[in-house]
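Chains A, B, C, D and E, in that order, are what the protein sequence lines are.
Position 152 of the first sequence, counted from 1, bears residue number 152 in the numbering used here, the numbering being contiguous throughout.
Position 312 of the second sequence, counted from 1, bears residue number 1312 in the numbering used here, the numbering being contiguous throughout.
Position 22 of the third sequence, counted from 1, bears residue number 2022 in the numbering used here, the numbering being contiguous throughout.
Position 124 of the fourth sequence, counted from 1, bears residue number 3124 in the numbering used here, the numbering being contiguous throughout.
Position 247 of the fifth sequence, counted from 1, bears residue number 4247 in the numbering used here, the numbering being contiguous throughout.
Among the clues, some could well be false.
To be verified - Derived list of chain B stretches under chain C, where covered just means 3 residues or more per stretch with a C-beta under 8 Å from a C-beta of chain C:
| id | segment |
| --- | --- |
| 1 | 1071–1082 |
| 2 | 1119–1131 |
| 3 | 1135–1141 |
| 4 | 1144–1157 |
| 5 | 1213–1225 |
| 6 | 1315–1324 |
By construction, these hints were calculated from the structure, which means they are not laboratory data.
All C-beta atoms in this analysis are idealised placements derived from N, C-alpha and C, irrespective of residue type, glycine included.
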Amino acid sequence: MTEALLEVTDLRKHYPVRAGVLRRQVGTVHAVDGVSFTVGVGETLGLVGESGCGKSTVARSVLRLVEPTSGQIRLEGEDITHLSKAALRPHRRSMQIVFQDPFASLNPRMTAGDIVGEPLAVHGLASGKELEARTAKLFEQVGLRPDQMRNFPHQFSGGQRQRICIARALALGPRLIVCDEPVSALDVSIQAQVINLLIDLQRQHGFSYLFIAHDLAVVAHISHRVAVMYLGRIVEIAAKDELFRNPRHPYTQALLASVPIANPLARKLAPLVDGDVPSPVNPPSGCAFHTRCRFAMDRCRTERPALLDAGDGHQVACLLNDGTGRGQ
Amino acid sequence: MRGSLRGSNSHLPLGEPPSPRPSPRKRGEGEDRAHMATIDYDLELRRAGMHATGGWRRVLFLAQRHVLGAAGLVIMTAFVLTAIFADFIARYDPLTIDAARALARPSLAHWMGTDSFGRDVFSRIIHGSRISLAVGIGSTALGGTIGVIVGLTSGYLSGWVDLVFQRVSDVLQALPLLVLALIMTAALGPSLPNVIIAIAIPLIPTVSRVVRANTLALRELPFIEAAKSIGMSEVRIALRHVLPNTLAPLIVLATAQLGSTILTEASLSFLGLGIPEPYPSWGRMLSESAAEYARTAPWLVIFPGIAISLAVFGANLFGDALRDILDPRQRG
Amino acid sequence: MFAYLVRRLFLMLVTLFGISVVIFFLLRIVPGNIVDILFAAAGYVDPADKANLEKELGIDQPLVVQYWHWISGFLRGDFGYSYVSEKPALQEILPRIPITARLAGLALLFSASIGIPLGVISAVKQGTRLDYALRVVSLSGLSLPSFWLGLLVLTASVAMFGQMPLFNPNPQSFGEAVATYCIPAMVVGFRSSALTMRITRSSMLEVLRQDYIRTARAKGASDAAVNYQHALKNAILPVITVIGIEAAFLIGGLIVTETVFNIPGVARFLVEAIRWRDYPIVQNLVMLIAVVVVSANFIVDMLYAVFDPRIRYTD
Amino acid sequence: GGPKQGGILRMYHRDSPGNASIHEGATYSLNVPFMPVFNNLVIYKQDVAQNSMDTIVPELAESWAWVNDNKTLTFKLRPGVKWHDGKPFTSADVKCTFDMLMGKSQQKFRQNPRKTWYDQVNDISTDGDLEVSFNLKRPQPSLLALLASGYTPVYPCHVSPGDMRTHPIGTGPFKFVEFKANESIKLTRNPDYWREGRPYLDGIELTIIPNRSTAILAFVAGKFDMTFPTEVSIPLLKDVKSQAPNAVCVVEPNNVATNIIVNSSSPPFDNIDIRRAMALALDRKAFISIMFEGQGDVGGTMLPQPNGLWGMPKEMLETIPGYGPDVNANREEAKKLMQKAGYGPDKHLAVKISTRNIPVYRDPAVILIDQLKSIYIDGELDVVETANWFPKIARKDYMLGLNLTGNAVDDPDQSFYENYSCGSERNYTNYCNKEIEKLFDVQSQETDIAKRKKLVWDIDKKLQEDVARPIIFHARTGSCWQPYVKGVTVMSNSSYNGYRYEDVWMDK
Amino acid sequence: MADKSDLVLEVKNLKTVFFTNSGLFKAVDDVSFTVRRGETLAIVGESGCGKSVTALSLMRLVPDPPGRIVGGSVSLEGTDLLTLDEAEMRAVRGNRISMIFQEPMTSLNPVMRIGDQIVEAVRLHRVMSAKEARNIAVEMLRLVRIPEPARRAREYPHQLSGGMRQRAMIAMALACRPALLIADEPTTALDVTIQAQILALILDLQKELGTGLVLITHDLGVVAQTAQRVIVMYAGRKVEEASVEALFADPKHPYTRGLMASIPSVPASGAATQARLNEIPGTVPSLVRLPQGCAFAPRCKLAIKRCEEYPPLQDWGGGHLAACWRAADVAEVA
Ligand SMILES: Nc1ncnc2c1ncn2[C@@H]1O[C@H](COP(=O)(O)OP(=O)(O)OP(=O)(O)O)[C@@H](O)[C@H]1O
Ligand SMILES: Nc1ncnc2c1ncn2[C@@H]1O[C@H](COP(=O)(O)OP(=O)(O)OP(=O)(O)O)[C@@H](O)[C@H]1O
Ligand SMILES: [Mg+2]
Ligand SMILES: [Mg+2]
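Construct all of the structure, not just a fragment, from the sequences and the given hints.
Here it is, written out as structure tokens:
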């Protein structure tokens, strides 16, 4: 983690909320509200958080698939925040994304083989027989059979579609892959295959990943560092083992405690946090989590905690214990 | 409707003992037992096209599966061949006038009779296929191509390009087809290329609007985003990802237009603006003066009418089938 | 959105300006003018008479001047005088507009109310005999030139009832109103209903395979609800587009129908006016049609947003 | 029984006339609807089909007389006649009308197509309110025929030509009510008509229906009492007869000659051989058989007998090259002429045949092209929009043109001077033969009918031999009306003169 | 299986195939299972093994063509759904049996407001005013923890995050309080806190209404936490069925065992480096060209000659069924 491959500074993305016949703007969704992080070369940054907190928006902003409202994105040191479409195109080879919704991100009228091979064709990396061979290789890598290359997306199961997306992202051998829940639809054995594949690729080629997932176990396996988001902000970011061993933000703690354990004898399905998830349109004042936090103090309602270092590069945004969060 | 639903609800209270109900009606999605037992797997697979991979087998299979479409294709092919080999098929010179045999009924000598000039109707229809198909295919292709380009560009790029293109097509649309045709023929004289252009121009906004509408919707889909993330150029995205997904309405539209352009030429002829005499076009054969003979010599209008209808049917049936074949979800 | 509307309105004006230029100069490009035609009708040409007449009508002036005269008049609501009838152009045009508007409206209504349901049925029953039958019937609408359809209707009515519906501007009875407006409208509508039906079918087929249709089924929604509430609403965009276009081109279709049914509407009038090179009539009428078309397009665009919430027009 | 009063005559009109001023028009589309509004000085007797000098009767003039060595034509006018707006009719109105026609007055017609008719008139003089005289340069007996045409109504002085185009005022049996372009023309009975008991009808309504099939259907369905006169084509006539067997139909020549205008001022038709060859190649019977199922007439410039007064005898006609009965022999001769001019089986002559884009023009042109094929001429049809037709002809921008010439009155003066005299505007070919022109004057001054006929035949023959404007055929057309319509006579040698309709009544 | 009256769902020998141009897909091949009132049955298995198709077969929503239910029976509360006609089936769907689909993005109608979609589900089966239904819809959205449910109800699917859409789907499926709920990966798009809430919600409702639940999931943690019984599918067939305890304690099929081994766990004792996970080698066979006999054999370490013959389901006591010739040896070898 010597040099930063991706550097995101104070990223914000606001969506207008419109209503009425004239569709006047009545509010703003603070989908991403000031997020900063870096991903080093060969590093995996896990990004977890509740659903709707803006993970996908971060992911898509990084690739400039949505135009950030403000902030800066630097890839390999170069600021790509304001590059034109054309100027951006060469950079696309070095960053790829696996979308959260595999089916919708596959062109229904193209065969799986064409979809996976297309990036190679577009960038003129292969054609004809070679293209086919390389596509077949990619299929095998993600655990699909080459004979499935001529099938259409709707003929695949959910998990298979997700693997097609992964294969497409891998095709260009990018330096950064943004994985937006790439294994959520996979069964554990294939999930294991895919994660192993990602890990192997990283070891061989020094890929970097921004890895978004809900499954903390998976994140735990693949990440070097983990960031936890809540309502458009990063509330905690730390090296993986540090975070899992010593979570400081109450939300992180709730997350970890909510992970279902694969042991039927140890049932504990009582949710640890309750209450309504606040809306990104009217985020609660102060600490956004205070509405659901068991340890909320008066201060939390008014004062917004900054992301502060609590030692060892473990940053947390919580007012408890002088801003170092709740100790274990 | 809702009443009947509630009615059947009451049959299924929690824990009611099983009461299998016989159902004589045929069902849509599921299959009843009797049917299940007799499923002919081989037949079903054959229907799904399993044995028809590659080459002629596949074509034959598709023809079997889309009988109407195949019929359409056969008709269209027949017409195209007729147009090409008109000189060999026609039994008489379509232009030679012979007062002696004017208005002859259909007979062995004149299969479709003769017109008031004594010209052989069959030969005129055969030769007329050249002009009518040229008008139909030519103007559809011309208008369609430009329309697709305009529609894709404006729908995909949106923004000011869209606004400008839409305004231009507004302008084209605001000039009614026949007005345009009138002006064109008045300015340039009625000739085949002019008729084709006059008919093609109003097609442009039609096609471009359909394509644009589809493009607008498609643009928002994640797979387009996916294509962008690969670093694909906008042109390629438009052509490879957007266009194929607008193909279905396009094919339907184009084939429908193919038919209607032939009819438009007929309407132009009716207004005296079509392909000039003496060259036969189906539309001209059906035009005003023929109307006067509709009663006394019905063959003068029946046969060109059938020719037009056949061509329209052929094009459209084939178009429908093509749409179905190109729909990946239909391929089983 | 408001800004968008304002901009759209402005652009509509730009379009109209464009149309005015195009029609003005197109008409001038066409060889021959009213004077030539008058003399053609009279069968002789006298250069002095001709020059006099051209001067009288002001068509000897430079084009730009003529354009300015026309367009400034148009904006003031002064449409000038018809060259042929020498009556105020507005007076000639106005009474014909409601006739054609009624015809066009009815034709569209007919086309949509037949075409859309049939398209839905044919898509839902894809591959069945019903589908084939509906398609073939609708094709017959596309394959019959509308003047033949019109003549057929007239001939049949004479043969069967010994009666023929001739246009009556002030229908006395309901039956006459039907004969005056509905029958010709149906003849026009039949053709465009065929197109509407086919587009509906194709668009529906696309939508019917979507997952959310399955969801609707899973809720227990009836076929009708699935087909019309869920599928049709998703499939309607291209249909609206086509209907919008048909609306614009209806004028063309109406020319022939107005001729066959002898209806004194604007469509046929426009053709006559072009034949006579009656510039004031043609120019102003085309402008009025253009206003309708441009507004129709605008409405179609707005309908997109109504039917598809994903489409939003922002500034 | 006798004539009955009342009823509105419903008729369709074939197209929308540009305006309502008969003097400014040159198509019977104007005469039919507006002739009932006016009166002439004299008129052809409306119930005799064949117009001739003998059938001319007084109208606004009570009597007339040739005086001053046949160089003055004096009319005694009918007293007490009122214009439709109530103003009295006087000799001043007559003078105004003819001064304007001669281009001598302040007020001008927009167009004045029949100016040449009055070339021999020096001036018009009046004597009191009820006498008017036409003073001629030389005797012209046929002037009276011209004045009896439906084309020669008397206009009021006090109405401007412009108003006459939109709202004509006449003295005739019917008053103008309204004219909606492309829609309808309505006339109503003139209660103050000078002729006691006329008209019988309460009014006339014309619905404009340009589409012939629709119009005929409407007639068959009983929507109309009468078709537009002379507008029913032969095939449609059969239709009418089968569908409405009671309808009364007549087929008459309409004195419209279908002819070829030849551009003899530039190659190839400056070569008389080629012109002659073309004339020889014509198979006129074939034209007639195709266009009219045999019901047409072959003739020269003048409408053939018996309907026509001036047509030359058959024997004489057949001596003209191309009129002989043996078409093949004619064509052999034509081929020789062509070969003489340098053409043959290996060297065809390419020719453009221009015509207007209307079936009655186009169809014969198509036949012509086919016939010319037999003598090494490859014709190509060049259809021209009406607007461009005369400018194109005037520019001499054509080789052959197919044209229709309608003759308002069956009189040589009208057709010779109009179509063949050197300066005439309607002499499209600019055919100019001073010798023949002298003959025109000779026949024009001849008062002895029999002598004049002979002169006319010779001229006609010469004109055909010069192939200036070869006549192909004279058309015939049908008119139909319901059996209860009485008192309609369709003129058999003109289609411009028979529409006063004051004697028409309905037996309903 | 003593008391049949307790059964909500009984599936016998269900067979669903796809007739495709590349051959016959036996997506569901002879699968039988039962669900009791209030019971949760989990279905796990390799991706593409036919879980969703099984679920769709229960709803009779397999796309036809190319799919077809070709055999077996599905009785819901004693009525064989496969013999109902379409109208009767409609009355059942969404009412007595409802389903949460796997793809929340595409399973919601893009041009209908979320609220309306729920309202529709409710009003199809319950007589009530539009207002009441709307209130229920908002209430359901609140139940599935969607913030500002009243506002969200007026929004369109594309305005919601993936997780919200999934929750909206759940709200819709639960709105009519069905006797049997099929949840096809209902929580894949949710973070674990919400997942816990939702699962708790589903289980609550289940308890309250006695709803039988068929839970299709990849998350064995979820299985362990919620299900009473589990069936494991492989290549269209049921290869193992057991109570959840028995399965986790003693998987009898090598594939199940492989699955168990692949489960990643949250490292309580944090390994600082990335850890490779155990995986089952090889790929899932094509459903068209299934190997002779046991479909798992080619990937199985324990495969023997006999595996070319299809192993029948064998009862190992307590309703623990497994289809493996070497079930007895699995524990020792692994
Ligand atoms: N195009 C859009 N317009 C308006 N709001 C949007 C848009 N896209 C996303 N949002 C809103 O932005 C917020 C963040 O959405 P995002 O998809 O980034 O969440 P997420 O963290 O990926 O959630 P999940 O884990 O459920 O996928 C949500 O409240 C969502 O409703
Ligand atoms: N419409 C279809 N046409 C052809 N084959 C299909 C179709 N739908 C599904 N299949 C096939 O049926 C098999 C089972 O699919 P299914 O969706 O049930 O898998 P699944 O177990 O739900 O997988 P996942 O966990 O990945 O969702 C797959 O191999 C798939 O390829
Ligand atoms: Mg997301
Ligand atoms: Mg699935």
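Status of each hint after checking the structure:
For the segment 1071–1082 of chain B, the assignment as covered by chain C is violated, since 0 residues bring a beta-carbon within under 8 Å of that chain's beta-carbons and 3 are needed. By the rule of at least three residues with a Cβ nearer than 8 Å to a Cβ of chain C, the coverage given for the segment 1119–1131 of chain B is violated, with 0 such residues. Three residues within the 8 Å Cβ limit are the bar, and the segment 1135–1141 of chain B against chain C gives 0, so the coverage statement is violated. Residue count for the segment 1144–1157 of chain B with a Cβ under 8 Å from a Cβ of chain C: 0. That is fewer than the three needed, and the coverage hint is violated.
Check on the segment 1213–1225 of chain B: 5 of its residues sit with their Cβ under 8 Å from a Cβ of chain C, so the three-residue criterion for coverage holds. A stretch counts as covered by a chain when three or more of its residues have a beta carbon under 8 Å from one of that chain; for the segment 1315–1324 of chain B and chain C the count is 5, and the coverage holds.
Comparing the model with each numbered hint stated earlier shows that hints 1, 2, 3 and 4 do not hold.
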